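**Student:** Everything in the sequence shown is counted per UniProt numbering, starting at 1 for the first residue and increasing by one.
FYI, nobody ran anything at the bench for these hints, they're computed from the structure.
Note that the structure is predicted; figures quoted are calculated from it, not measured.
Heads up, a few of these hints could be off.
[To be verified] No farther apart than 30 Å at their CA atoms in a straight line, the calculated lysine-lysine pairs in the DSBU-like style are these:
(1) Lys191 with Lys388
(2) Lys34 with Lys388
(3) Lys34 with Lys392
(4) Lys381 with Lys392
(5) Lys34 with Lys381
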Amino acid sequence: MRDIVEIGIGREARRSYRLSDIQIIPSRRTRSSKDVDTSWHIDAYTFDNPFISHPTDALATPEFIIEMGRQGGLGVINAEGLWGRQRDLGGAVGRVREAINAELSGPEFYGSEATRVLQELHAAPIDEELLTARIAEVRASGTTVAVRVTPQHARELAPVVIGAGAELLFIQGTMISAEHVATGGEPLNLKEFIGSLDVPVIAGGVADYTTALHLMRTGAAGVIVGGGANTNDVALGIGCPMATAIADAAAARRDYLDETGGRYVHIIADGEIESSGDAVTAMACGADGVILGHPLAKAREAAAQGAYWSHSAAHPRFPRGTVEPAWTDVAFSADLLGSGDGDTVDTVGNTPTLETVLHGPSTDPHGMLNYVGGLRRAMAKCGYTDLKSFQKVQLSVAGGVGF
1 MRDIVEIGIG REARRSYRLS DIQIIPSRRT RSSKDVDTSW HIDAYTFDNP
51 FISHPTDALA TPEFIIEMGR QGGLGVINAE GLWGRQRDLG GAVGRVREAI
101 NAELSGPEFY GSEATRVLQE LHAAPIDEEL LTARIAEVRA SGTTVAVRVT
151 PQHARELAPV VIGAGAELLF IQGTMISAEH VATGGEPLNL KEFIGSLDVP
201 VIAGGVADYT TALHLMRTGA AGVIVGGGAN TNDVALGIGC PMATAIADAA
251 AARRDYLDET GGRYVHIIAD GEIESSGDAV TAMACGADGV ILGHPLAKAR
301 EAAAQGAYWS HSAAHPRFPR GTVEPAWTDV AFSADLLGSG DGDTVDTVGN
351 TPTLETVLHG PSTDPHGMLN YVGGLRRAMA KCGYTDLKSF QKVQLSVAGG
401 VGF
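Please model the complete structure; the sequences and the hints are all you need to start from.
**Tutor:** Given below as structure tokens:
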């Protein structure tokens, strides 16, 4: 039964929960973590672990995407980011870093100057030849190629990125529906559009049962829950408490499975995931895969070397993502991000590799490194050996939480 509360006379709201409000409960059986299988299978593609990089230029260089594949995860390219707009990709990202450093040296950090620089860089038109060449470079490495486009530009960009070698297409915004309607323009009907493509589509983000079910009915292979790290809550008054949203999408998946006689749609969580514990909770609530943004920004291979922004941060008129240092729990000064020619530092003066972030070993007791190891150990502690069965683990709600 849904927990409905009255917020005033004649107005009710549903109580919902963040990932931090939920805890998993171990059963009487435990297993060795060596017996746990963290592999994830979607359509014809198999990955050693269920971790996906957020489609942002703060993370993705061709080298980062390739390394993400080597580490058993999936790296995602933002087709509407800097890859196809700036020939000097490193120099463009360096300009954003310089703007962050300039603000860090001042009395307060807001990220507004860095956002302005990012908007300026995104004002350049997309060079389809440049974008195609960079995607082809990743494809030539043998890494599975995943590319993100927005619903607004999917119709014109999808053929370009698929022709360049994209094997998985992400149609992703902070919020989307099954039909994108624009006054004076032709609406994008995702069911018709997805049916015309030769590659699997992962679409989102969604925040509720109904929208998740609608997207499943379009033929999407996966549905993204959440909108990554964005400012929709303060800029638009729109929130997506992830534990409830994932559980609702999982309910839609069960109903769609019955409706179709067995077609399974994957749920990808994108939001509120900072520690390995957050990732574990997302999987326990019903997610098949988890998108990591901030956590991967600390990796040595990340493009922005310690800075981070989401794909929604560069909107020309109404950005809904911040441009910021990666580790907001650390006292920052300008030299922490370096001058552009050195590595960032963490709290112990070392820059972890992407392998360390995902697989360890870790010296951090708060789950900020070794995400795969954290997931593997949690599953073992609860007696589960595969991700699908782990979605049945018992959950509890911390007292006095939810909103």
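**Student:** Hint by hint, note whether the structure agrees.
**Tutor:** Right, here's what the structure says about each hint:
no.	hint	in the structure
1	Lys191 with Lys388	holds, 27 Å
2	Lys34 with Lys388	holds, 17 Å
3	Lys34 with Lys392	holds, 20 Å
4	Lys381 with Lys392	holds, 14 Å
5	Lys34 with Lys381	holds, 12 Å
Figure legend: structure checked against the earlier numbered hints; every hint is met.
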